[in-house]
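Q: Heads up: the sequence lines are chains A and B, in that order.
Going by the working numbering, 13 is the number at position 13 of the first sequence; the sequence numbering is gapless.
Going by the working numbering, 136 is the number at position 136 of the second sequence; the sequence numbering is gapless.
Read the hints as simulated data drawn from the structure, not as lab findings.
Heads up, some of the hints might be wrong.
[To be verified] For lysine to any residue, the following SDA-like pairs were computed, each having C-alpha atoms within a straight-line distance of at most 25 Å: (1) A/K48 - A/G4; (2) B/K151 - A/W79; (3) B/K151 - A/L153; (4) A/K48 - B/G104; (5) B/K3 - A/E162; (6) B/K253 - A/W79; (7) B/K253 - A/K77; (8) B/K47 - A/Y91; (9) A/K77 - B/G258; (10) B/K151 - A/R52; (11) B/K70 - A/Q145; (12) B/K47 - A/V3; (13) A/K185 - B/K253; (14) B/K3 - A/N115; (15) A/K48 - B/K47; (16) B/K3 - B/G258; (17) B/K151 - A/S15; (18) A/K77 - B/T235; (19) B/K253 - A/E14; (20) A/K48 - B/M177; (21) B/K151 - A/D103; (22) A/K77 - B/E335; (23) B/K253 - A/Y91; (24) A/K48 - B/E214; (25) B/K151 - A/E94; (26) B/K120 - A/Y91; (27) B/K47 - A/G4; (28) A/K185 - B/D240; (29) B/K120 - A/N144; (30) A/K77 - B/M234; (31) B/K120 - A/K48; (32) B/K253 - A/Q157; (33) B/K3 - A/Y91; (34) B/K151 - A/T110; (35) B/K253 - A/L116.
Here are the chains, one letter per residue:
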Amino acid sequence: MRVGILGTGWLNRESYGSERLERSVEYASRVAIRKLGKEDGLFAYPVKNMGRFDPVSRRVCYVTALALQDAGMEYSKDWRQDIGLLGTDEYGSEQANLSYFRDYVEGGRTMARANLFIYTLPSSPLAEAAVHFGLQGPLLYLRNQDGSVEPLLATAQRMIAEGQAETMLVYELSAEIDRCFVVGKSI
Amino acid sequence: MNKVLIVDAELITPYGLGAELCWQGLLGGESALAETDRFDTAAFNSKWAGIVPGLSYHEGQSLVLQMLEKVLGNHSIPADAKLMLATLNGEMDCVEESVLHGRGEPHACCMTELLRSAQKLCGVADEGAVVSSACASSTVALGLAASAIRKGEYDCAVVVSCDGVTEFLYSGFSSLMALDSNAARPFDAKHNGLTIGEAAGYVVLMSEARAQREGCTSTGELAGWGMSNDANHMTGPLRDGSGLARSIEIALKVAGIGEGQVDFIAAHGTGTVYNDDMEMAAFHSVFSSPRPTYSVKGGIGHTMGAAGLVEAVLALKTFETGWVPPSVAVQVPEEQANGWVRGDAVEIAANYALSTNAGFGGVNASLVLKKGGAQ
Chain A
1 MRVGILGTGW LNRESYGSER LERSVEYASR VAIRKLGKED GLFAYPVKNM GRFDPVSRRV
61 CYVTALALQD AGMEYSKDWR QDIGLLGTDE YGSEQANLSY FRDYVEGGRT MARANLFIYT
121 LPSSPLAEAA VHFGLQGPLL YLRNQDGSVE PLLATAQRMI AEGQAETMLV YELSAEIDRC
181 FVVGKSI
Chain B
1 MNKVLIVDAE LITPYGLGAE LCWQGLLGGE SALAETDRFD TAAFNSKWAG IVPGLSYHEG
61 QSLVLQMLEK VLGNHSIPAD AKLMLATLNG EMDCVEESVL HGRGEPHACC MTELLRSAQK
121 LCGVADEGAV VSSACASSTV ALGLAASAIR KGEYDCAVVV SCDGVTEFLY SGFSSLMALD
181 SNAARPFDAK HNGLTIGEAA GYVVLMSEAR AQREGCTSTG ELAGWGMSND ANHMTGPLRD
241 GSGLARSIEI ALKVAGIGEG QVDFIAAHGT GTVYNDDMEM AAFHSVFSSP RPTYSVKGGI
301 GHTMGAAGLV EAVLALKTFE TGWVPPSVAV QVPEEQANGW VRGDAVEIAA NYALSTNAGF
361 GGVNASLVLK KGGAQ
């Protein structure tokens, strides 16, 4: 038994796909990804309130679905799985922070919007995926100064070996491409 | 397997600079919470906060950097220590200044910039990493660092944590109706919300072998850590506490002890009905009998991402002094906390402590701390 990458899903401005399934599907722009799940049968069941998600959370849900599909892993709204989430991106929740506080200031600094506030944590997009896919393992944002994903993969392997989770999803999110790696035990 | 020892730690909290000052305040049952004038609270459903004395707001340097300068000043961190910075979301007062006054460069408020500052203040060579896991951030960071030391990936780490009381956070928690209109009363029958607080601190972790080699004194051992997620709701916990219970059970397993060996619990205890009830449900499900349990948040408020580190450092004081502090502001414990939580201090000979945290997005994290030298 060893711990390795069992599947990978990715999403960029032109296309989305998965490694093992060797699938690559083009679409017009990231604006179109709202329709992606419906057209492609990507999700096993609809993502509740996805229209209200911030853009990063939507992207995280797409690459999660692609990666789980690539790894041949099923999920259901009726049960939870021992899968954790570990992600990094360049600027954390910077855009969500600005969106929330600008909206609050423009509203006269009297009434803040809870639905914008909840995305002001770098871990929030991972949390949306955890809720939808029923993932009850550790959940954290981890960012190294150089932004490399390798330390996250190593951390995920250590967490699995230690018994924190059976499987970990590792996210590398950037302006160019989003990737989700399924890290788990293989025979 | 390497043992992971805590060889140095310090805090700055609303009581002032020093873990000892905070400890004495809590032990005496005093609260450092007060009505704040840092920003206009007229539109919010509370005026209360846990404010660190002597910080300036919107006057150049961020709140968290001011706290880190104070807490890390005059302390010597091993230069080869691996660095982890744990925070909810860093310098939110810089975001405020950017939006309100057009000050600052784009990305100047991002957490990697704060990480660079923390690296300089610590004087370590490692560029470090930022860990953010909502209000369990520093608990998770301590667990990650301890895990790497136990596995032998490195033999020394410094975990730094900080979060400030900003209009950004205050308005957000107010919008969620999460604030108590008075000072928070975690686990009290009349608990009705949290009070935001601010704090910063650091913990130096070292392998037992290196600590012995260098003659470092240990205040305790970080023996176990566990993390989980509720996978339930963005802002509401699993009401039955099963998510938090899961992280406790993993932490006990990593520590290699049974629930019966835990002598006291440093709970998250935010003061919200949802959190406190969830947490007590978790304790009831894991533990076969009540243990002395307390929250420090009636004294210092909810210090967000720093909460776990603050609570772990204060739990070590129980090993040192033989006293479990009162849960400040508790007059009559809520029903589920009856027999567990008290409004006065309890004398105890403790060898093991459990510290728990939970947060937005359903995160849960638990630590098992062991008295230095305990078998």
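Q: A separate judgement is required for each hint: does it hold in the structure or not?
A: Hint check results:
1. A/K48 - A/G4: Given pair A/K48, A/G4 is violated - Cα atoms ~31 Å apart, limit 25 Å.
2. B/K151 - A/W79: 33 Å, violated
3. B/K151 - A/L153: With a Cα-Cα distance of about 16 Å, the restraint between B/K151 and A/L153 holds, given a limit of 25 Å.
4. A/K48 - B/G104: 37 Å, violated
5. B/K3 - A/E162: 15 Å, holds
6. B/K253 - A/W79: Given that 25 Å is the threshold and the Cα spacing comes to 24 Å, the pair holds.
7. B/K253 - A/K77: With Cα atoms ~29 Å apart, B/K253 and A/K77 exceed 25 Å; violated.
8. B/K47 - A/Y91: 32 Å, violated
9. A/K77 - B/G258: The given pair, whose Cα atoms are some 33 Å apart, is violated under the 25 Å limit.
10. B/K151 - A/R52: 42 Å, violated
11. B/K70 - A/Q145: This hinted pair holds, its Cα atoms lying about 24 Å apart.
12. B/K47 - A/V3: 51 Å, violated
13. A/K185 - B/K253: Holds - the C-alpha atoms of B/K253 and A/K185 are around 20 Å apart, at most 25 Å.
14. B/K3 - A/N115: 43 Å, violated
15. A/K48 - B/K47: Violated, because 35 Å separates the two Cα atoms, which is more than 25 Å.
16. B/K3 - B/G258: 18 Å, holds
17. B/K151 - A/S15: 40 Å, violated
18. A/K77 - B/T235: 18 Å, holds
19. B/K253 - A/E14: 46 Å, violated
20. A/K48 - B/M177: 23 Å, holds
21. B/K151 - A/D103: Cα-Cα ~46 Å, so violated.
22. A/K77 - B/E335: Not OK: A/K77 and B/E335 at ~33 Å, beyond 25 Å, violated.
23. B/K253 - A/Y91: 35 Å, violated
24. A/K48 - B/E214: 55 Å, violated
25. B/K151 - A/E94: 34 Å, violated
26. B/K120 - A/Y91: This hinted pair holds, its Cα atoms lying about 20 Å apart.
27. B/K47 - A/G4: Distance ~51 Å between B/K47 and A/G4 Cα, so the pair is violated.
28. A/K185 - B/D240: Status violated; Cα separation ~30 Å.
29. B/K120 - A/N144: 16 Å, holds
30. A/K77 - B/M234: 16 Å, holds
31. B/K120 - A/K48: At roughly 44 Å apart (the allowed maximum being 25 Å), A/K48 and B/K120 break the hint.
32. B/K253 - A/Q157: 18 Å, holds
33. B/K3 - A/Y91: 35 Å, violated
34. B/K151 - A/T110: 50 Å, violated
35. B/K253 - A/L116: 38 Å, violated
The structure shown violates the earlier hints numbered 1, 2, 4, 7, 8, 9, 10, 12, 14, 15, 17, 19, 21, 22, 23, 24, 25, 27, 28, 31, 33, 34 and 35.
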